[in-house]
Amino acid sequence: MAVEPVIRVQREDFDIGAEIAAVSRGRTDVGAVVSFTGLCRDEGGALAALELEHYPGMAEAEIARIARQAVDRWPLQAVTVIHRYGRIEPGANIVLVVTASPHRQAAFEAASFLMDFLKSNAPFWKKERRADGSEGDWVEAKESDLEALGRWH
Amino acid sequence: MKLIYFAWVRERIGRAEEEIDLPADVRTVRDLLVWLKGRGPEYEAALQYPEAIRVAINQEHAGHKESIAGAREIGLFPPMTGG
Chain D
57 MAVEPVIRVQ REDFDIGAEI AAVSRGRTDV GAVVSFTGLC RDEGGALAAL
107 ELEHYPGMAE AEIARIARQA VDRWPLQAVT VIHRYGRIEP GANIVLVVTA
157 SPHRQAAFEA ASFLMDFLKS NAPFWKKERR ADGSEGDWVE AKESDLEALG
207 RWH
Chain Y
15 MKLIYFAWVR ERIGRAEEEI DLPADVRTVR DLLVWLKGRG PEYEAALQYP
65 EAIRVAINQE HAGHKESIAG AREIGLFPPM TGG
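Residue numbers (the numbering used here), protein chains in the order written: chain D, 57 to 209; chain Y, 15 to 97.
One should not assume that every hint holds.
[What the hints assert, rightly or not] Derived lysine-lysine pairs resembling DSS-like cross-links, with alpha carbons at most 25 Å apart:
no. : chain 1 : residue 1 : chain 2 : residue 2
1   : Y       : Lys-51    : Y       : Lys-16
2   : Y       : Lys-16    : Y       : Lys-79
3   : D       : Lys-198   : D       : Lys-183
4   : Y       : Lys-16    : D       : Lys-198
5   : Y       : Lys-79    : Y       : Lys-51
6   : Y       : Lys-51    : D       : Lys-183
For the record, the hints were derived by calculation from the structure and aren't laboratory data.
Start from the sequences, fold in the hints, and give me the full structure.
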């Protein structure tokens, strides 16, 4: 049975508990649910917010391509990816990945794989808004994030 | 062809998107980046290091050697920082 990933790109916040509950609701064959939530940090008080820009259309399409790779690679029963855009303040959610599988290893690995590829391949860009009111810089992509992709080859 | 820009590429060029007619000898992604860079100081500022620019053809990632024949929409942007 093919798993159809749930993918949402939205401005609004999401309910982590509801999303986790949804992947196993009404079924008795799920043995492991893993979730990852990425939040906005305040960088020691220096950051007022992140402004997330995205490529509408491509963001959804690229996340779907990444999710399909995860479904092809691990025995998953459900995949949910939600990524926000717009202004996001410290403490608020940015991204949610939920995976469900009969056993934990697949759920853990698939969630980690999804996050590694979202970081470097999903068309989102973060701009900093500083607490002192000045306009910050665009967050730079990290070499370590690109290197993280290598472990999945 | 529609060109669409994001993040600091958009800011430096000073617009989010534009319709453009390309010369016939602009065949690959790399040709496009080099040709655009020559269009004016704002393009020069955005595309100073063309090898650093990421490109999507019809909303799918594309390497710099790929052909742009048949592209309806090409996106140009910096390395992504999602997640």
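Between Y/Lys-51 and Y/Lys-16, does the CA-CA distance stay at or below 25 Å? 17 Å, holds
Does Y/Lys-79 pair with Y/Lys-51 here, judged by a C-alpha cut-off of 25 Å? It holds: about 17 Å lies between the C-alpha atoms, which stays within 25 Å.
Hinted pair, alpha-carbon criterion (25 Å max): Y/Lys-16, Y/Lys-79. Please report holds or violated. The hint holds at about 19 Å.
If you draw a straight line from the CA of Y/Lys-16 to the CA of D/Lys-198, is it 25 Å or shorter? Judged against 25 Å, a Cα distance of about 30 Å means the pair is violated.
Do the alpha carbons of D/Lys-198 and D/Lys-183 lie within 25 Å of each other, as the hint requires? 15 Å, holds
Given the proposed pairing of Y/Lys-51 with D/Lys-183, does the C-alpha separation stay at or below 25 Å? Between Y/Lys-51 and D/Lys-183 the Cα gap is close to 24 Å, so the pair holds against 25 Å.
Comparing the model with each earlier hint shows a violation of hint 4 alone; every other hint is respected.
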